[in-house]
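Whenever a hint applies, use it, and build me the whole structure from the sequences.
Those protein sequences? They're chains A and B, same order as listed. With the working numbering applied, the first sequence corresponds to residues 103 to 391, in that order. With the working numbering applied, the second sequence corresponds to residues 366 to 530, in that order.
FYI, nobody ran anything at the bench for these hints, they're computed from the structure. Mixed in with the good hints there might be a few duds.
[Stated by the list, open to error] One-sided excerpt, in silico: chain A residues whose CB lies under 7 Å from chain B:
| no. | residue |
| --- | --- |
| 1 | Lys114 |
| 2 | Glu115 |
| 3 | Ala118 |
| 4 | Thr119 |
| 5 | Leu122 |
| 6 | Ser126 |
| 7 | Leu129 |
| 8 | Ile130 |
| 9 | Ser145 |
| 10 | Val152 |
[What the hints assert, rightly or not] From the structure, some residues in chain A lie toward chain B, with a derived Cβ separation under 10 Å:
| no. | residue |
| --- | --- |
| 11 | Tyr116 |
| 12 | Thr123 |
| 13 | Ile125 |
| 14 | Phe141 |
| 15 | Phe148 |
| 16 | Ala155 |
| 17 | Ser167 |
None of the values given here were measured: they were computed from a predicted structure. Beta carbons are placed, not taken as given, at the ideal position from N, Cα and C, and that holds for glycine.
Okay, here's what each chain looks like letter by letter:
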Amino acid sequence: MQRILDFVLRFKEYVATTLLTIISLVLISSSSNTQLRSFRTVSVGFVAGVQSAFSWVPNPFALKSENRILRQLSRDLSLQAIQLRDDALKGEKYRAMLDFRQRSPMKLATAEVVGRLSIETRNYVTLNIGEKKGIREGMPVMTERGLVGRVVGLNGNYSIVQLLTHRDTRVTARMLSSRQNGVVVWDGGRNLVLRDVPIGQKPKKGDTVVTSELSSYFPEGIVIGTVSVVEDEPGTLYSRITLTPAVDFSTMEEAFVVLHSPDQERLDLERKFMEAVDRPTERQEKRSR
Amino acid sequence: MISSPVTVWYGIVGLLLLLIQMQADFIAVEQITPDLIVLFVIYLAVREGQFVGLLAGFAMGLLFDLVSSDINGLNALAKMLAGFAAGFFYREEASLQEAVGTPRFLWITAGASLLHNIVYYFFYVRPSQLEFLPFFLRYGLAFTLYTTVFSLVVMLVVARKRVDA
Chain A
103 MQRILDFVLR
113 FKEYVATTLL
123 TIISLVLISS
133 SSNTQLRSFR
143 TVSVGFVAGV
153 QSAFSWVPNP
163 FALKSENRIL
173 RQLSRDLSLQ
183 AIQLRDDALK
193 GEKYRAMLDF
203 RQRSPMKLAT
213 AEVVGRLSIE
223 TRNYVTLNIG
233 EKKGIREGMP
243 VMTERGLVGR
253 VVGLNGNYSI
263 VQLLTHRDTR
273 VTARMLSSRQ
283 NGVVVWDGGR
293 NLVLRDVPIG
303 QKPKKGDTVV
313 TSELSSYFPE
323 GIVIGTVSVV
333 EDEPGTLYSR
343 ITLTPAVDFS
353 TMEEAFVVLH
363 SPDQERLDLE
373 RKFMEAVDRP
383 TERQEKRSR
Chain B
366 MISSPVTVWY
376 GIVGLLLLLI
386 QMQADFIAVE
396 QITPDLIVLF
406 VIYLAVREGQ
416 FVGLLAGFAM
426 GLLFDLVSSD
436 INGLNALAKM
446 LAGFAAGFFY
456 REEASLQEAV
466 GTPRFLWITA
476 GASLLHNIVY
486 YFFYVRPSQL
496 EFLPFFLRYG
506 LAFTLYTTVF
516 SLVVMLVVAR
526 KRVDA
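This is the structure:
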């Protein structure tokens with residue numbers, strides 16, 4: 103016995119290590135012991151209290167990391183907010199378009215603007231629908247806000263639309279209030295001009311101008327714009343009426359093609375007549391030279 | 366043999382370190398904190414001997430297991446073995462400055478802490494699908510390194526005392 107005690111005392115470190123290792127391994131293998139768990143519950147509660155009391159102590163490394171995460175979060179949220187705002191605007195626009203399409207007596211084909219083309223003072227947009235969807239040359243294009251222009255070229259899947267902001271645009275239009283007719287042209291900038299309205303017919307600012315029933319290409323009653331400036335054209339008996347277009351051509355993303363083909367017979371007749379009228383004029387000009 | 370007042374003093378320091386270790390987030394770098402308990406155990410082992418070191422390691426490790434929701438007995442085993450390993454470098458005749466105030470203390474800490482983390486992560490990953498080696502290389506070495514860096518502070522403080530003296 104004495105020998106054993108001597109041995110234990112002599113190698114107490116090894117004996118203790120062996121014993122404590124065994125105890126540790128037993129504890130590791132029985133870590134789900136109920137009594138230990140209840141003690142742990144109490145101790146964790148105590149430690150949580152201590153941690154809470156010391157939670158004001160700042161960690162500079164954690165703060166740096168937290169700042170980085172918060173900055174990233176802020177960026178992500180900003181992007182999300184922009185996306186949501188964009189989606190909301192799109193949703194609103196689509197609702198308005200859908201509503202317009204349901205209410206409109208005209209047959210409409212919905213299209214997306216997939217391209218823009220600007221050659222000097224000739225402005226066009228490309229739509230993602232063409233002949234396969236029943237689109238034909240000359241068909242009017244509009245949005246729920248008003249007239250955009252007309253189809254001037256197309257293939258199976260795409261259409262080119264000549265905008266109102268095009269130097270060759272001529273639209274027979276009328277004042278909604280007075281029913282006075284005139285011709286809408288582009289002023290070369292952001293606005294349109296209603297010409298050939300006699301001076302006596304003074305429209306008011308804000309009056310609406312729509313397509314006329316006299317138009318060869320467009321159905322009657324499509325909004326073109328509103329009167330913004332009225333002035334007399336010097337040396338003529340006509341007023342120069344500046345219009346703010348109903349459609350913002352620069353931000354337009356979707357449009358309707360009105361499935362309305364102009365009367366080809368009428369167009370041919372008008373063209374022939376114009377040519378016949380122009381020819382003697384040209385002859386006279388040559389003679390006078 | 367350690368005198369009673371010193372034992373009480375060590376006890377108080379040990380408990381304080383336990384509390385600080387529970388709240389060591391303020392010195393955490395990428396979630397890695399220095400193991401102050403193992404550092405204290407190593408200090409005790411090189412200062413007071415292997416037997417004291419391993420007993421202190423077991424006691425503090427067990428207490429830490431209980432309050433930290435870790436696997437019961439895991440810290441007790443790892444810290445006890447760290448104390449046991451560090452105890453081999455105990456020299457009875459060495460003063461505090463000689464035992465702790467030289468770079469030797471850093472090597473002892475690095476070695477004992479490495480052993481501690483090998484044992485700890487070996488058992489830690491066992492119940493999970495984690496592989497020991499990648500996990501140890503990622504965390505075990507980082508904990509070892511940070512603990513060793515902290516031991517530098519202890520070494521420098523003790524070494525400074527020697528210069529002052």
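* Asked: For which of the previously enumerated hints does the structure constitute a violation, in increasing order of number?
  -> As far as the earlier hints go, not one is violated by this structure.
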